[in-house]
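A.B. asks: Using the sequences provided together with the hints, build the complete structure.
Now for the letters of each chain:
Protein chains: 2
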Amino acid sequence: MKIETKTAKFTDPLYLESGRILQPYELIYETYGTLNKDKSNVIVICHALSGSHHAAGRYANEAKAGWWDSFIGENKVINTNKYFVICSNNLGSSFGSTSPMSKMYPLEELYRLKFPVLTISDIVKAQKNLLNSLGIYHLRAIIGGSMGGMQALCYSIEYPDFSDIIIPLATTAYTRPWAISSNIIAMQAIKNDPNFKNGNYTKDDLIAQGLTGLALGRMAGLIAYLGPNSINKKFGRTYCHTDGLYELFGRFEVERYLEYNAYSFPKFFDPLSYLYICKTMNIFNAARGSDKLEDALLKIKSKLYLISFSDDTLFFPEEMEEIYNIMKSMKKNNVNYKMIQSEHGHDSFLVEIHKCKDYIQKILEDKI
Amino acid sequence: MKIETKTAKFTDPLYLESGRILQPYELIYETYGTLNKDKSNVIVICHALSGSHHAAGRYANEAKAGWWDSFIGENKVINTNKYFVICSNNLGSSFGSTSPMSKMYPLEELYRLKFPVLTISDIVKAQKNLLNSLGIYHLRAIIGGSMGGMQALCYSIEYPDFSDIIIPLATTAYTRPWAISSNIIAMQAIKNDPNFKNGNYTKDDLIAQGLTGLALGRMAGLIAYLGPNSINKKFGRTYCHTDGLYELFGRFEVERYLEYNAYSFPKFFDPLSYLYICKTMNIFNAARGSDKLEDALLKIKSKLYLISFSDDTLFFPEEMEEIYNIMKSMKKNNVNYKMIQSEHGHDSFLVEIHKCKDYIQKILEDKI
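Note that the protein sequences, when read in sequence, are chains U and D.
Following the working numbering, the numbering of the first sequence begins with 3 at its first residue and continues without gaps.
Following the working numbering, the numbering of the second sequence begins with 3 at its first residue and continues without gaps.
Please note that a few of the clues may not be correct.
If you anchor each label on the Cβ, the simulated ranges turn out as follows [to be verified]:
#, chain 1, residue 1, chain 2, residue 2, range
1, D, 300, U, 244, 30 to 36 Å
2, D, 236, U, 296, 23 to 29 Å
3, U, 343, D, 23, 50 to 56 Å
4, U, 245, D, 331, 30 to 36 Å
5, D, 6, U, 320, 47 to 53 Å
6, U, 357, D, 42, 33 to 39 Å
7, D, 105, U, 323, 41 to 47 Å
8, U, 246, D, 25, 19 to 25 Å
9, D, 323, U, 323, 26 to 32 Å
10, U, 327, D, 291, 27 to 33 Å
11, U, 327, D, 66, 39 to 45 Å
Just some of the chain U residues that point at chain D, by a computed CB distance under 7 Å [to be verified]:
#, residue
12, 162
13, 179
14, 194
15, 250
16, 260
17, 300
18, 361
Here are the simulated SDA-like cross-link-like pairs (lysine to any residue), alpha carbons at most 20 Å apart as the crow flies [said to hold, decoys possible]:
#, chain 1, residue 1, chain 2, residue 2
19, D, 193, U, 248
20, U, 199, D, 287
21, D, 236, U, 320
22, U, 236, D, 287
Hints were generated in silico from the structure; no laboratory data involved.
Since the model is a prediction, treat every value here as computed from it, not as a measurement.
The beta carbon of each residue, even a glycine, is placed where N, CA and C say it ideally should be.
C.D. replies: Written as structure tokens, this is what we have:
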């Protein structure tokens, strides 16, 4: 499968919800498949907190394929022989789009803590500008999980005529304090890390010091994404055979796993981006700008397919069900809700996406 | 109610499960009520991670009463007009019993990271030595929640003839990786904190620097103890009215609450104690020393009353139920299990103890 990675540069101002302006800005994105003549085969994929525009395929010499590679590709559920798939790196993220580590044009100085707080609406607005710049004014579908699901939901409310189908997975209409709590550990840990230097860390700090604050934040995230069922099943009480039970820093396998994955994270993810993205997720509220959630959901015209995972303990199935119930109570029939039996907590939208295969295939074939 | 606070000093060696020896050691403890002539009215209370020997009553000028004051006192459930109640500060804790900040007799040097890793069995063994030193060889009841429940359970298995009644609340027979994960955040945060100085912090570091690592660890703990139901209900999405929604470090009420409580914690709790106690809880396994949990539970002779809380997401009700089911399957009839409908997560054993009032009263009156 051919992967095209490109960067789109925008010189027009992006007016943000906060009242601030981002100008200029860039978005890095990938496409898979071929745009058909009438541009009716476009599917947009929205990524989650630590995800990137690299949703599928494998670069030359790349060990691991894109984050949703089992789902997107030739003859896969999102069939790139049929669809033209676009995934852009969210504004604020650290994989190439404009972020806190970008230059504050016309200065050479980087934004760092002067970067504006972004909302999901801002991210979606920039993404839509990208699509428009490609001559795409209507989509077949928008699909995203977690923070990507927030974006999908935001599209459905703010651009009701933009997409035929919208599929938010493992997400919420407004971030509950429970999910905010998980992010606060990360935000505090990064802020308190002396190597963070109040946002003025250097590349050397990142590499040499490892930025333990970000690692710790990632650890809190990993725990929240896995959830109790998954952690208990995956690790049990196995103890590292190299460690002593009565050594203070001797480790259970679960500790070794979390340490390894958490401390690898700062090697490829930027701490300022992490801070800003946590903030974006925390303040997400699909009802903002409307008097209440009902009014926001009333605007939706796309066919909305909500998918939750039974043991997601970050964004609970009840949160998706609430959206469905509100829409149904308003006699809106363009909504469907499905809960998938899962065993991998919030991460299920990534690792158990095969369980949604038939359902999403039918949705795309207009059979549901 | 009269509170007596005393310190017992032991010069005999305490042989620890790790093979190490603690000698000498001290336990600080409180008693409420009066020991009767035949010493048949003794109830032992076991405290949790951050608890202390100060379970009930109020010292002169003390703002807040002991941690289980609503439960223990004159004409309360644990009626001090009738019972002689003892609560000792766990070995390793930072309220006066021997801990990592004690001197390594005969040296003047403090243990710090040379302190031995303790198990629940070790803590219980020391506590039992205290009781014996008071001439008490049999108890009416042992009651404890969370880590205190681990101690209660440990008594039932290791000293089957010691207590008529044993009531473990909100606990487990072996710490699952899920609960271990919550502690690992704390352990890593403390270890990574530069002010921790690899355990060689001074009193000044504690006061001046605030030890953000311990605060962060406490924050992870608070989140785990409250759990999703409680956090969502308590805070909603209320935003601090002094903070801006688009300020990166602007806070939701839940964040303000967690920050306030987490950063207060290092003022009265020692980081090395926290590290060691997390370790003790992590390696708790009631089956250790037996081939399997069944064999351990088979030893129990006391009447065991297991109490769980419906929305405890640190030690799930299923974990208590497992103990009950195993004992029942072995035709042991000295076990009862009750799940209390709760709304405060793991903390319910503290803040919703009134819901257990009638049940525990009946247990103590031999009516169940």
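A.B. asks: Confirm or reject each hint.
C.D. replies: Status of the hints after comparison with the structure:
1. At roughly 34 Å, the beta carbons of residue 300 of chain D and residue 244 of chain U sit within the given window of 30 to 36 Å.
2. In this structure the hint that residue 236 of chain D and residue 296 of chain U lie 23 to 29 Å apart at CB holds, the actual value being about 25 Å.
3. For the pair residue 343 of chain U and residue 23 of chain D, the supplied restraint of 50 to 56 Å holds, since their beta-carbon distance comes to about 52 Å.
4. The supplied range of 30 to 36 Å is met by residue 245 of chain U and residue 331 of chain D, whose beta-carbon atoms lie about 34 Å from each other.
5. Between residue 6 of chain D and residue 320 of chain U the Cβ separation comes to about 50 Å, which falls inside the hinted range of 47 to 53 Å.
6. Separation of residue 357 of chain U from residue 42 of chain D is about 60 Å and departs from the stated range, judged on CB atoms against 33 to 39 Å.
7. About 59 Å separates the C-beta atoms of residue 105 of chain D and residue 323 of chain U, a value inconsistent with the hinted range of 41 to 47 Å.
8. Taking the beta carbon of each, residue 246 of chain U and residue 25 of chain D are about 22 Å apart, inside 19 to 25 Å as hinted.
9. Taken as a hint, the range 26 to 32 Å holds for the pair residue 323 of chain D and residue 323 of chain U, whose Cβ atoms sit roughly 27 Å apart.
10. Separated by about 52 Å at the C-beta atoms, residue 327 of chain U and residue 291 of chain D break the suggested range of 27 to 33 Å.
11. Range check, residue 327 of chain U to residue 66 of chain D: Cβ separation about 43 Å, and the 39 to 45 Å hint holds.
12. Because the beta carbon of residue 162 of chain U sits about 25 Å from the nearest beta carbon in chain D, more than 7 Å, this interface hint is broken.
13. Because the smallest distance between the Cβ of residue 179 of chain U and any Cβ of chain D comes to about 4 Å, under 7 Å, the interface hint for this residue holds.
14. Interface hint at residue 194 of chain U: satisfied, since its Cβ lies 4 Å from the closest Cβ of chain D, which is below the 7 Å cut-off.
15. The restraint placing residue 250 of chain U at the interface with chain D holds, with a minimum CB-CB distance near 6 Å, inside the 7 Å limit.
16. Evaluation of the residue 260 of chain U hint against chain D yields a held restraint, the C-beta minimum of about 6 Å falling below 7 Å.
17. Proximity of residue 300 of chain U to chain D is violated relative to the hint, the smallest CB-CB distance being about 21 Å (cut-off 7 Å).
18. Checking residue 361 of chain U against chain D: minimum C-beta separation of about 27 Å lies over 7 Å; hint violated.
19. About 17 Å separates the Cα atoms of residue 193 of chain D and residue 248 of chain U, which keeps this hinted pair within 20 Å; it holds.
20. With a C-alpha separation of about 42 Å, the suggested pairing of residue 199 of chain U with residue 287 of chain D is violated against the 20 Å cut-off.
21. The hinted pair formed by residue 236 of chain D and residue 320 of chain U meets the criterion: a straight-line CA distance of about 18 Å does not exceed 20 Å.
22. Proximity of residue 236 of chain U to residue 287 of chain D is assessed by CA-CA distance (about 19 Å); at most 20 Å being required, the pair is judged to hold.
Consistency with the previously given hints fails for numbers 6, 7, 10, 12, 17, 18 and 20, ordered from lowest to highest.
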